[in-house]
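Given chain A's structure and the hints, the job is docking chain B onto it.
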Amino acid sequence: MGPRQGPRTSLHGGLRGATVEETLRVLIDTNILAHIFAKGSGRLSFWARALLVRELLGRNDTIIVVYEEQVEYEIRRALDNMIVTGAITVEPKLEAIRNIYRDYSDLINSCVELGKCKVAKRQESHIARAASLNR
Amino acid sequence: MTRIVQRLAGRQAVATLQRLLWSATRILHLAYLATGRSDARDTAMLLYSLEKVAGREMVERLGYLLASATLMTRGRREEALALAAYATRDLLVTAPKSPLRNTEAWRSALQLTYLLEVGSDVDGRLLETWGLGRALEQVYMEG
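Those sequence lines, one after another, are chains A and B.
Quick note on numbering: the first sequence equals residues 752 to 886 in my numbering.
Quick note on numbering: the second sequence equals residues 34 to 176 in my numbering.
Possibly wrong hints are sitting among the right ones.
[What the hints assert, rightly or not] These stretches of chain B come out as covered by chain A in the derived footprint (C-beta under 8 Å, 3 or more residues): (1) 57 to 71; (2) 145 to 152.
[As the list claims (entries may be wrong)] Estimated spans, in silico, between C-beta atoms of each pair: (3) Gly866(A) / Ala48(B): 34 to 40 Å; (4) Gly866(A) / Ile60(B): 29 to 35 Å; (5) Glu90(B) / Gly866(A): 24 to 30 Å; (6) Leu63(B) / Val863(A): 24 to 30 Å.
[Claimed, not checked] Here are a few chain B residues that sit away from chain A, every Cβ distance over 12 Å (derived from the structure): (7) Arg52; (8) Gly108; (9) Asp156; (10) Gly157.
These are computed hints drawn from the structure, not numbers from a lab.
If you're wondering where the values come from, they're calculated on a predicted model, not measured in any experiment.
Built from N, CA and C at the ideal position, the CB exists for glycine as well.
If we strip away everything but chain A, and leave its shape as in the complex, we get (with noise of 0.2 Å):
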């Protein structure tokens, strides 16, 4: 295995220099972000978003889950930022990162089991968009 490339991440554990790629695959391999990214929910804070859903779950509604390819380019970007601004030097656990999505991925497993949310397929369009702006 050659050397990493990219910017490393300061964060501690087993996967301690971890580069952005790797931070990013344990985010995105859990197949989630779906609802709490979902399309539309724009500035939302993620309880807000979570709170949003518990809204439609009331009202017997079908969450509709889209994984969307956008939301890895905007992750990216996002940690990209904060290992220039230093603010991810305040120590966030890789562990942890990967126990709250998997929290997530959890949350929309029991959410189509109980016959509450669909998962909807990727949309192509977002791909290609984060691939041309990724450039």
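Same frame as chain A, but now just chain B:
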């Protein structure tokens, strides 16, 4: 008068118990986040269900929750959480229509409610504290 005082004292005791359970649940959830140990989260879910039922027609519910705690200590976590979900069935965001023997569905229902209330709260605050929310906002504004 004595009865009123007793009632007030009882309410205060319930409120104190709820506060303690609220804190313990969140501490356990943080322990789960730090270590990845799912048994910590499962125990937090059990405490959460106890917090939810505190002060509400507890007699029948406590029976289920005691059985749930016993199962939990024996490592039968899915059944334990299904029983805890059943004990709090009218307080869940959504309750399954399937019978209790479908433990997976009942556990999922408790998990969904727990993650919406406790998980989203603790996780969201942690991410906000670390600045991911602000960083994402910047990205939105730049984009």
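Right, here's what the structure says about each hint:
1. Only residues whose C-beta sits within less than 8 Å of a C-beta in chain A count toward coverage, and the stretch 57 to 71 of chain B has 5 of them, enough to reach three; the restraint holds.
2. Here the stretch 145 to 152 of chain B counts 4 residues with a CB under 8 Å from a CB of chain A, which clears the bar of 3, and the coverage holds.
3. Roughly 36 Å separates the CB atoms of Gly866(A) and Ala48(B), a value that falls within the hinted 34 to 40 Å.
4. Remark: the range hint 29 to 35 Å for Gly866(A) to Ile60(B) is upheld by a beta-carbon distance near 33 Å.
5. A hinted range of 24 to 30 Å holds for the C-beta pair Glu90(B) and Gly866(A), which are about 28 Å apart.
6. Against the hinted window of 24 to 30 Å, the Cβ-Cβ separation of Leu63(B) and Val863(A) comes to about 27 Å, which satisfies the hint.
7. With a least beta-carbon separation of about 20 Å from chain A, Arg52(B) lies farther than 12 Å from that chain, consistent with its non-interface assignment.
8. The beta carbon of Gly108(B) sits about 20 Å from the closest Cβ of chain A, which is more than 12 Å, so the claim that it is off the interface holds.
9. Look at Asp156(B): its CB is around 4 Å from the nearest CB on chain A, not clear of 12 Å, so calling it non-interface is violated.
10. Some Cβ of chain A comes within 12 Å of the Cβ of Gly157(B); the nearest lies about 4 Å off, and the non-interface call is violated.
Violation of the numbered hints given earlier is confined to hints 9 and 10; the remaining hints are satisfied by the structure.
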